[in-house]
Structures are given as C-alpha cells and as structure tokens.
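These protein sequence lines are chains A and B, in that order. If you count the first sequence from 1, position 92 lands on 91 in numbering that gives the first Met the number 0, and the numbers rise without skipping. If you count the second sequence from 1, position 81 lands on 80 in numbering that gives the first Met the number 0, and the numbers rise without skipping.
Fair warning: there could be bad hints in the mix.
[To be verified] Here are the simulated distance ranges between beta carbons:
hint	chain 1	residue 1	chain 2	residue 2	range
1	B	72	A	171	27 to 35 Å
2	A	163	B	81	41 to 49 Å
3	B	304	A	163	43 to 51 Å
4	A	43	B	233	32 to 40 Å
5	A	163	B	153	30 to 38 Å
6	B	313	A	151	24 to 32 Å
7	B	216	A	217	32 to 40 Å
[Unchecked claim] Over 12 Å on every C-beta distance to chain B, these chain A residues come out as not near it, computed from the model:
hint	residue
8	99
9	125
10	199
[Said to hold, decoys possible] Below 20 Å or equal to it, Euclidean Cα-Cα: the simulated SDA-like pairs (lysine to any residue) are:
hint	chain 1	residue 1	chain 2	residue 2
11	A	150	B	82
12	B	238	A	175
13	B	321	B	175
14	B	238	A	137
15	B	14	B	49
16	B	321	A	180
17	B	238	B	148
18	A	176	B	242
19	B	238	A	108
20	B	14	B	68
21	A	121	B	220
22	B	82	B	148
23	A	121	A	108
24	B	321	A	263
25	B	261	B	186
26	A	176	B	148
27	A	163	A	129
28	B	261	B	301
29	B	261	B	148
30	B	321	A	198
31	A	112	B	231
It should be emphasised that the hints constitute simulated quantities derived from the structure, not laboratory data. Virtual Cβ for every residue (Gly too), placed ideally from N, Cα, C.
Take a look at the letters that make up each chain.
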Amino acid sequence: MTVDSIHQVERGRQSSLKAPLDGLLPGSSPDRKSSSRRQAKLNDRVIEARNVSKWYGGFRALTDVSLTVRKGERVVICGPSGSGKSTLIRCFNRLEAHQEGEITVNGIRLHGKMRDLAAVRKNVGMVFQHFNLFPHMTVLMNCMAAPMWIKGVPETEAKRLALKFLERVRIPEQANKYPGQLSGGQQQRVAIARSLCMEPAVMLFDEPTSSLDPEMVSEVLETMTSLARDGMTMVCVTHEMGFARSVADRVIFMDAGLIVEVGAPNDFFTNPQHPRTKLFLSQILKH
Amino acid sequence: MLYADTVESEVLVHKPLFIASVFVVVLSICFMVNLTGTTMGELMRPVIGDPLESGLYGRFAIAFVIAMIFCLNIALIGFAHLKVQIAIVWAELLLLFLAFFAVFNLSLPFILQNLPFLITQGVVTTLYISAISLVFASTIGIIAAIAKLSSNGFAYGIATFYTSFFRGLPLLMQIYLIYLGLPQLGIIMNAVPSGILALSLCVGAYMTEIFRAGIQSIDRGQWEASRSLGFGFGLTMRKIIMPQALPVIIPPMGNTFIGMLKDSSLVSVLGVWELTFLARTLGQATFHHMEMLVAAAIIYWILSVCLELIQSKIERYFARSKVR
Numbered sequence: 000m001t002v003d004s005i006h007q008v009e010r011g012r013q014s015s016l017k018a019p020l021d022g023l024l025p026g027s028s029p030d031r032k033s034s035s036r037r038q039a040k041l042n043d044r045v046i047e048a049r050n051v052s053k054w055y056g057g058f059r060a061l062t063d064v065s066l067t068v069r070k071g072e073r074v075v076i077c078g079p080s081g082s083g084k085s086t087l088i089r090c091f092n093r094l095e096a097h098q099e100g101e102i103t104v105n106g107i108r109l110h111g112k113m114r115d116l117a118a119v120r121k122n123v124g125m126v127f128q129h130f131n132l133f134p135h136m137t138v139l140m141n142c143m144a145a146p147m148w149i150k151g152v153p154e155t156e157a158k159r160l161a162l163k164f165l166e167r168v169r170i171p172e173q174a175n176k177y178p179g180q181l182s183g184g185q186q187q188r189v190a191i192a193r194s195l196c197m198e199p200a201v202m203l204f205d206e207p208t209s210s211l212d213p214e215m216v217s218e219v220l221e222t223m224t225s226l227a228r229d230g231m232t233m234v235c236v237t238h239e240m241g242f243a244r245s246v247a248d249r250v251i252f253m254d255a256g257l258i259v260e261v262g263a264p265n266d267f268f269t270n271p272q273h274p275r276t277k278l279f280l281s282q283i284l285k286h
Numbered sequence: 000m001l002y003a004d005t006v007e008s009e010v011l012v013h014k015p016l017f018i019a020s021v022f023v024v025v026l027s028i029c030f031m032v033n034l035t036g037t038t039m040g041e042l043m044r045p046v047i048g049d050p051l052e053s054g055l056y057g058r059f060a061i062a063f064v065i066a067m068i069f070c071l072n073i074a075l076i077g078f079a080h081l082k083v084q085i086a087i088v089w090a091e092l093l094l095l096f097l098a099f100f101a102v103f104n105l106s107l108p109f110i111l112q113n114l115p116f117l118i119t120q121g122v123v124t125t126l127y128i129s130a131i132s133l134v135f136a137s138t139i140g141i142i143a144a145i146a147k148l149s150s151n152g153f154a155y156g157i158a159t160f161y162t163s164f165f166r167g168l169p170l171l172m173q174i175y176l177i178y179l180g181l182p183q184l185g186i187i188m189n190a191v192p193s194g195i196l197a198l199s200l201c202v203g204a205y206m207t208e209i210f211r212a213g214i215q216s217i218d219r220g221q222w223e224a225s226r227s228l229g230f231g232f233g234l235t236m237r238k239i240i241m242p243q244a245l246p247v248i249i250p251p252m253g254n255t256f257i258g259m260l261k262d263s264s265l266v267s268v269l270g271v272w273e274l275t276f277l278a279r280t281l282g283q284a285t286f287h288h289m290e291m292l293v294a295a296a297i298i299y300w301i302l303s304v305c306l307e308l309i310q311s312k313i314e315r316y317f318a319r320s321k322v323r
C-alpha cells in the first residue's frame, strides 16, 4: 500500500512532498523530459499530479490536488456530486486543462501542445458515463478505429486485436452490430474494449455504471474487476462502494475540489477519519 | 414519416361529417367562381343547355357535379393502400396540370423542334454551372462553418461577415456586382465564371449555416471520446463528426441545392446560354413564349426531381446505423 505516495495538500496548511518527487520537478534537470521519463520508469509512476488547481471562471473546481498512481494500482475516487472527482480524472488526459500545478502521465508533462498530448492520450484509455460510442460505426469498427488511425496498425491486425478485446469483455458475437442495437451494459463493455484496443498504460473510468440499469451494473463491474485482476492500472470515479471495497488498493474521498481523505478500502469504510467522509459514507451506505 | 401512434384511427375521408363538409366547401367555391365558360361547362351542355345561358341553375349544376366527383374520389382513394394512394394522388395532380397546359393550345411541333437545342445547350450549361457551384459552395460552407465555430477571432470575423453579406444581398445584385463591379478592380471575368462565382458565394453562405447547425448537433461526448482515443481535430471531424452530422445536413442541403439549380436561371441576365436564357430568346423571336417557358419549367422540374431522388438515396444510406 502506498498511502504515502499521495499527498493531499490543503492550501496554506501543510505542504509535504517526499524526496522521490524532486527529480520530477520542472527545471530540476537540464534535460527535463528524458530524465523524467527515466524517473517514471524507475518509479513506476503512471500518473503524477502535483498541487493541481483548476477554475471554471471564478469557481474553483480543484484545489491543490496531489495524487500519484503507480503501475498496477487501482484507485477509486468517490465523493458527492460536484466535488471535482470527474474534473480531476478528466485532467489526466487533458480533456480539461488545469491552471496550476503539474500533471505528469507516463513521464510526459501535460500542457497544451498537441504532440505531447497525442502521445499521452494514446496511452490513457477513458470510459465515460454515457459510453460515447461512435453510433455510425459497427462495434468492431469502434474498436478498430483508434489502432488503425492512430497507431497505423494494419486492418487485419486491428481486427484481430478488436476481436480479442471484445472477447475479453465477452461480447464478440455483437461485433457487427451498431451501438444503438446493444443494451447499455453491452455498450459500456464495448467502450471498455475500445479503450483496451489501444493497449493503454492506464484506464480512467468516469462513473462507468451511473447511467446503467441496476441489472447491467454488475456485468460492467465484473468486466472492470477482471481487468483489475489482470493488473491493469485503473483510476475509477464511481459510487459503487462494493467494487471499491473489493478491488481498490486505495480509496480517495473528495469534497469541494479537495482530497479530504485517502485510505486502504478496509480502513476507509470501517474507520473513516474525517467527519465529512463519515457523513458521506453514512449517507450512501444507509440504503 | 412521423412516429406513428398505435391508436387505430378511423379513415378521415370515410367520416360522413368530413365528407359532407368537404362537399359543401367545394360546392360553394365552385358556385362562387363562375365556371360556365370553361371546359367543364361545355361538358355539361347536354344537361344544362347552352352553358353561358344557363344562369344560376347551370352554375349550381356544374358546382354540384364537381363537388360530387371530388368527394367520391377522395372517399375511394381512402380504401386503397398507402402506396396506391400516393400513386393515384400524384397521377391525378399531374393530369390536372397537363389539362391546365393543354388549355394554352401550345404548339407541340415547335417545342419538339427546339427541345434538342434546349437540352444540349441549355440544360447542359445549367447543369455544369450548378454542379461546379455545388462543389464550391459545399467547400466554402464547410470551411466557413468551422471558422464560425472556431475560437479564432480573425476566422470568426471573416466567416460571420461573409455569411451576413452574401445572405443579405439579393443574388441578382451579387451577380451584377461580380460581373460589373470586379472589372473596376481590373479583374475581368467572363459571364460563366462570374455566374459560378456569384452562385458559389451565395449558396456557400447558406451552406455555412447548414453545416454549422449540423456540426453543433453532435453530442459533446463524441468529441471527448475521439480526443480520449488520441484523434486530432482533422481526424475527428472527418471520421466522427461529419459522418454523424451529414444525415442532419442532407435534407436542408438538398433543399438549398434545388434552390440553387433554379437560381442559376438568374445567370441568364449575363447572357449565358443556359436554360432560361435560351427559353426566352427562342420563344421571343417567334412569339411562342409559352411553349418555351413551359418546356423549360418542366425541364427544371425533372432536374429537381432527380436531385430529390439522389437526396433520398443518400438519406437511406445514412440511416443504416439507425437500426434498432
């Protein structure tokens, strides 16, 4: 457990960064990029966020959020709506831009330059609440598109890859249908397969089960659990506490743009420290 | 087609009240308009005697017969299947139009004599002017639409000024401005290129708005999914956004193109030998105005129908992913 590798820094109160991070600081080495790449490899750090802040106009959505995700780690982020958890993981592949602090993904520091961004996004899979499959393409083509167009994988190889991952999420028989013909759970599993086809270093899940019928939640969670079992690095924003308890290495609780509490699932659920966490857990575990 | 309800509705034209009211409406309209001097009056001669002498009785009789035929017709059509209904209605309306043209006493030999030239010269010119303008207009439209949606102030400014200007000026004015105005700047263009330029710019402005609406109709999630997979702007636009926007864009686009096909007749003011120009000049010399105008009108209609067919074909192609 690497609880020490995340740092929640409440503004003006405390600021503690452990020594290993120093090598990643911008400007700490003349050849910043290559050195940080080497460091990342050394430290197995897939995502590294330091003191990230983000504003929507005057509203502060994220406040000095720091978080490190190591290779093979499963991190679950939970919190009330509007707490900034989706914003945070959308910053990890820069669907949203952060204004302060710095985020390093796979050794590449995120900024507005398209070339680095493309390199990052290639390695970061994302699954959305509303699936966002491409409705005008078949399931198979949805999965083949990115490898073919981004990585230049030949068509036959892309097809083999797509079928492999469709099998992985257990819907190879739907390959030639259009997304509109599938159930919500099936669509979400296709979305997972679509991301997996790029063989990403980390998968981000943005409330993947929130718009599903209760019956279909479990099939998606099973898929995610099996992914986790195979060692995929995952960051999940979810309200599925059962999933968090059984799969997560770390549970992070966010509120009002701050990381309030971090803990191993057992501690987190049985012995929450912060009163806000207690309140949240009592609310959602009531039913 | 509207999304049909499962309620089994009664056939409207079989409701006695509806038929009766239609009957009354048709009867009163035909009675108010004096039809005794028309072909219909001639046909009724055995019953009402000399139609012009028959007075109110004659007018009523004619109106009554027409109303009867009309009501019987719609009631009978009500029994047929949908496709048959559509075919019958089309055939009847077409027949009425032919009858309307027949009244003009057009000289058919004159039409037939001039038709080959009207087609080889006029239609061909109209078609190639329209086709080239169509390509240019679409290109302008898509570029201007992206400019209009961009956060680049320069591009946005140009695009909005362009659409505002070219949608705001009558096409005829634009054609004159380009043909007569550009030479003042030292740019001398022939009539055909001027016409094509004016048409492209004008229709392009309309296309801009159509494309913009189409692009904006696509869910933000599609952009996000594309981005998260690493697609750049061009790839997202080409492979994800446009293919989904096209089904939304096609109907208004077909509309605009049919409009443009007919608007190309305005180029005739520059003396381009297209359909309208030829129809007018050929007819004028021999005082066969109507013959040529009717022939040209029917040719325009046929061309539009072709465009409609192409449009519905494309629509069907894009509907394939909408299966449930």
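Checked hints:
Checked against the given bound of 27 to 35 Å, the beta carbons of residue 72(B) and residue 171(A), roughly 58 Å apart, lie outside it. Distance hint for residue 163(A) and residue 81(B): a CB-CB separation of about 48 Å, consistent with the stated range 41 to 49 Å. About 50 Å separates the C-beta atoms of residue 304(B) and residue 163(A), a value consistent with the hinted range of 43 to 51 Å. With their beta carbons about 35 Å apart, residue 43(A) and residue 233(B) fall inside the hinted range of 32 to 40 Å.
For the pair residue 163(A) and residue 153(B), the supplied restraint of 30 to 38 Å is violated, since their beta-carbon distance comes to about 47 Å. Between residue 313(B) and residue 151(A) the beta carbons are some 31 Å apart, a value that agrees with the proposed interval 24 to 32 Å. Distance hint for residue 216(B) and residue 217(A): a CB-CB separation of about 34 Å, consistent with the stated range 32 to 40 Å. Interface exclusion of residue 99(A) from chain B stands, the closest Cβ pair being 22 Å apart, more than 12 Å.
Separation of residue 125(A) from chain B is inadequate, the least Cβ-Cβ distance of about 4 Å not exceeding the 12 Å criterion. At roughly 10 Å, the least C-beta separation between residue 199(A) and chain B is not larger than 12 Å, which violates its mark as non-interface. Restraint check for residue 150(A) and residue 82(B): not satisfied, since their Cα atoms lie roughly 51 Å apart, outside the 20 Å limit. Proximity of residue 238(B) to residue 175(A) is assessed by CA-CA distance (about 18 Å); at most 20 Å being required, the pair is judged to hold.
Among the hinted pairs, residue 321(B) with residue 175(B) is inconsistent with the structure: their alpha-carbon atoms are about 46 Å apart, more than 20 Å. Using a Cα cut-off of 20 Å, the hinted pair residue 238(B) and residue 137(A) holds, with the two alpha carbons roughly 13 Å apart. A distance of roughly 37 Å separates the Cα atoms of residue 14(B) and residue 49(B); the hinted pair therefore is violated under the 20 Å criterion. Between residue 321(B) and residue 180(A) the alpha-carbon distance is near 9 Å, which keeps this suggested pair within the 20 Å criterion.
This hinted pair checks out: residue 238(B) and residue 148(B) have alpha carbons roughly 18 Å apart, not beyond 20 Å. Our distance criterion of 20 Å between C-alpha atoms is met by residue 176(A) and residue 242(B), whose separation comes to about 17 Å. Pair hint residue 238(B) plus residue 108(A) does not hold up; C-alpha atoms about 29 Å apart against a cutoff of 20 Å. The suggested pairing of residue 14(B) with residue 68(B) holds, with an alpha-carbon distance near 17 Å, which does not exceed 20 Å.
At most 20 Å may separate the alpha-carbon atoms for a hinted pair to count; residue 121(A) and residue 220(B) meet this at roughly 18 Å. Taken as a hint, the residue 82(B) and residue 148(B) pair is broken in the structure, with Cα atoms around 43 Å apart against an allowance of 20 Å. With a C-alpha separation of about 14 Å, the suggested pairing of residue 121(A) with residue 108(A) holds against the 20 Å cut-off. A C-alpha spacing of about 46 Å is found between residue 321(B) and residue 263(A), which places the hinted pair above 20 Å, so the restraint is violated.
Simply put, residue 261(B) and residue 186(B) have alpha-carbon atoms about 27 Å apart, too far for the 20 Å limit, and the pair is violated. The hinted pair formed by residue 176(A) and residue 148(B) fails the criterion: a straight-line CA distance of about 33 Å is larger than 20 Å. Taking the CA atoms of residue 163(A) and residue 129(A), the gap is about 24 Å. The hint is violated against a cut of 20 Å. The hinted pair formed by residue 261(B) and residue 301(B) meets the criterion: a straight-line CA distance of about 12 Å does not exceed 20 Å.
Between residue 261(B) and residue 148(B) the CA atoms are separated by roughly 30 Å; this puts the pair beyond 20 Å, and the hint is violated. For the given pair, residue 321(B) sits about 30 Å from residue 198(A) by alpha-carbon distance, which is inconsistent with the 20 Å threshold. For the given pair, residue 112(A) sits about 12 Å from residue 231(B) by alpha-carbon distance, which is consistent with the 20 Å threshold.
Hint violations for this structure: numbers 1, 5, 9, 10, 11, 13, 15, 19, 22, 24, 25, 26, 27, 29 and 30, all remaining hints satisfied.
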